[in-house]
Amino acid sequence: MARHRRFIAHSLRISLFLTLAIACVPVMAYAQFAFEGEGLPSRAGDQLVVNYFEADPDVYETHLVITDHEGTGSVVNVLLFDLDGRLVAEHAYFLPIFGKVNYNPAEDLGKNVFTGTIRIYADGGNVSAQYWQFYKNPEKTVFNTAIPASNALGAPALLCQHFVSSPDIRARLVLVNPASDSAVTVSVTFYLDRGKQLTRDKHTIPPNGMILLDPFVENEGLVRTGIAYCEVIGDGRITGEYWQASDAERYQVSLPMEAIPVRTKHW
Amino acid sequence: MRKSSKALLSVLLAVAALLCATVQVEAQIGQNLVINRFVSDPDNIETHVVISDVDGVGPNIKISIFNDEGRLVYERYETLSAFGKINYDPLTYLNAYQHGYNQSPKFIGTVRIESAGGNIAGQYWEMNRDLDKAYMNIAVPAADGKGYDKLVCQHFVSDKSVNSQIIVSNTEVSRPVTIDVKFYSDNGGLVGVEKRVIPANGVSSINPYKSLKGVQMTGTAYIVVVGAGKITGEYWQAVEREKYQVALPLEGVTKIR
Numbered sequence: 001m002a003r004h005r006r007f008i009a010h011s012l013r014i015s016l017f018l019t020l021a022i023a024c025v026p027v028m029a030y031a032q033f034a035f036e037g038e039g040l041p042s043r044a045g046d047q048l049v050v051n052y053f054e055a056d057p058d059v060y061e062t063h064l065v066i067t068d069h070e071g072t073g074s075v076v077n078v079l080l081f082d083l084d085g086r087l088v089a090e091h092a093y094f095l096p097i098f099g100k101v102n103y104n105p106a107e108d109l110g111k112n113v114f115t116g117t118i119r120i121y122a123d124g125g126n127v128s129a130q131y132w133q134f135y136k137n138p139e140k141t142v143f144n145t146a147i148p149a150s151n152a153l154g155a156p157a158l159l160c161q162h163f164v165s166s167p168d169i170r171a172r173l174v175l176v177n178p179a180s181d182s183a184v185t186v187s188v189t190f191y192l193d194r195g196k197q198l199t200r201d202k203h204t205i206p207p208n209g210m211i212l213l214d215p216f217v218e219n220e221g222l223v224r225t226g227i228a229y230c231e232v233i234g235d236g237r238i239t240g241e242y243w244q245a246s247d248a249e250r251y252q253v254s255l256p257m258e259a260i261p262v263r264t265k266h267w
Numbered sequence: 001m002r003k004s005s006k007a008l009l010s011v012l013l014a015v016a017a018l019l020c021a022t023v024q025v026e027a028q029i030g031q032n033l034v035i036n037r038f039v040s041d042p043d044n045i046e047t048h049v050v051i052s053d054v055d056g057v058g059p060n061i062k063i064s065i066f067n068d069e070g071r072l073v074y075e076r077y078e079t080l081s082a083f084g085k086i087n088y089d090p091l092t093y094l095n096a097y098q099h100g101y102n103q104s105p106k107f108i109g110t111v112r113i114e115s116a117g118g119n120i121a122g123q124y125w126e127m128n129r130d131l132d133k134a135y136m137n138i139a140v141p142a143a144d145g146k147g148y149d150k151l152v153c154q155h156f157v158s159d160k161s162v163n164s165q166i167i168v169s170n171t172e173v174s175r176p177v178t179i180d181v182k183f184y185s186d187n188g189g190l191v192g193v194e195k196r197v198i199p200a201n202g203v204s205s206i207n208p209y210k211s212l213k214g215v216q217m218t219g220t221a222y223i224v225v226v227g228a229g230k231i232t233g234e235y236w237q238a239v240e241r242e243k244y245q246v247a248l249p250l251e252g253v254t255k256i257r
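Taken in sequence, the protein lines are chains L and Z. The working numbering numbers the first residue of the first sequence as 1 and each following residue consecutively. The working numbering numbers the first residue of the second sequence as 1 and each following residue consecutively.
Bear in mind the hints are in silico, worked out from the structure with no lab data behind them. Do not take every clue at face value.
Said to hold, decoys possible - A short, non-exhaustive set of chain L residues, derived as facing chain Z with CB atoms under 10 angstroms:
1. Ile147
2. Ala183
3. Ile227
To be verified - Derived DEER-like restraints, expressed as beta-carbon distance ranges:
4. L:Lys111 <-> Z:Ala200: 51 to 57 angstroms
5. L:Asp108 <-> Z:Gly214: 33 to 39 angstroms
6. L:Arg194 <-> Z:Lys160: 43 to 49 angstroms
7. L:Thr115 <-> Z:Val57: 35 to 41 angstroms
8. L:Tyr103 <-> Z:Val39: 29 to 35 angstroms
If you're wondering where the values come from, they're calculated on a predicted model, not measured in any experiment. C-beta: ideal position from N, C-alpha, C; glycine also.
Isolated chain L, as found in the complex (with noise of 0.2 angstroms):
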């Protein structure tokens, strides 16, 4: 009697064990699906937010695409936000079914040399984005950039992979707080291409706000290259970029951060 006891109780186990093991597969699935290049993409979304946004009417011609590659012909909301993440401007567009907008955001600046990010709420469907900054002097065309929106997701962590502090060229972090009711702290801890550790910084960033990072100055002066980790501490997200430019080398590239699985942090 004792041992068929032993044997319901074992059997028990093992079917809740079971049980729980494939409740945890489609979860499994869903995470992988939603990650992994099938599911959710990281750039596409009905909240995108172009990091930086430069504008100069003497200087630029900045063009801002948006997409509606679902067809669901989206009302698309722009919001200008300041680095502290005041509201300077805000437009709305009906997207076409399956076309997209290409516009010039500083055109709702005026005259105003603004620095800035730019916030894309779509209601109806999920669109994409990118941002075109072309230079007005053709001596400056060298410098013409092209870079994808982010999703305003966010994420907790994000990889600069490559950065370069140098007097002579001109790098910084670009670091957004797609939130608009909280700030973010964030911790950049920058490494040499070999992973040895050079210097870690915390920064506030308000809500909707940006923060700009010089590699050349945050290392205090050292000429090197590698690697900075951007870690949020506590709640929040964030989207960043990178930009690097050469005056001498006469190029400019911009590139977005890619968002990393949260490490183990000790501070």
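Could you slot chain Z onto chain L? The hints should help.
Quick look at chain Z alone, frame taken from chain L:
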């Protein structure tokens, strides 16, 4: 009592398994990456492949370069430092290498990076040696090697004076993939369709101006896999007269027309 504690342990194990399973890595990083377009032109171009260790495990990685037909030209193994990266020019090694490369050092191809350990992220930098051509310097992020079956090129230019290319890589290692490239106007009207077959590990460049038989326009292009297969892609646009070049990753999406 002992039975209930064992049952509790089983429950805790299952919950832990569930939690581990849901902590997944977001896109743009992974164990397989694709650099869609790689140019080998040692006299004129200096290329840099940047590969970073995301997880801090210092993984072993394999870097393979294929030509546009998917033929292996170069293969190299490296080990990343924990939380570090490698940043090197494959052409420095290609000079002494391999699979007939010495006979034909100029080619356009694609790069595949496989990690034997943790997640990695990658970038491709293409720098011109001639300062007068420095305006053509670009950098693009590597694509997730798992690929997509639908890509969106948000903005293309079809113009004789604009050298624009939609670059599509086949991420399949053993089978060709058929794609439809559909060109739409800014207002969403279909203008043209081109079908291409890309060999395994290969890459194909589509010039919108040629595909649209000389129609001058801007618009959106959708690249869709016909049947089975996965692809990744980029859009490159250069204007020699205006002295600029930009390169953008194509967006992988699940739902398009």
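Hints and how they fare:
1. Hint status for Ile147 of chain L relative to chain Z: holds, with the closest Cβ pair at about 7 angstroms, below 10 angstroms.
2. Interface restraint check: Ala183 of chain L against chain Z, minimum CB-CB distance 23 angstroms, threshold 10 angstroms, status violated.
3. With 10 angstroms as the threshold, the beta carbon of Ile227 of chain L comes within range of chain Z, its nearest partner Cβ sitting at about 5 angstroms, so the hint holds.
4. Taking the beta carbon of each, Lys111 of chain L and Ala200 of chain Z are about 55 angstroms apart, inside 51 to 57 angstroms as hinted.
5. A hinted range of 33 to 39 angstroms holds for the C-beta pair Asp108 of chain L and Gly214 of chain Z, which are about 36 angstroms apart.
6. As the Cβ distance of Arg194 of chain L to Lys160 of chain Z is approximately 48 angstroms, the hint placing it in 43 to 49 angstroms holds.
7. The hint said 35 to 41 angstroms for the Cβ distance between Thr115 of chain L and Val57 of chain Z, and at roughly 38 angstroms that hint holds.
8. A C-beta distance of roughly 33 angstroms is found between Tyr103 of chain L and Val39 of chain Z, which places it inside the suggested range of 29 to 35 angstroms.
Comparing the model with each numbered hint stated earlier shows that hint 2 is the single one that does not hold.
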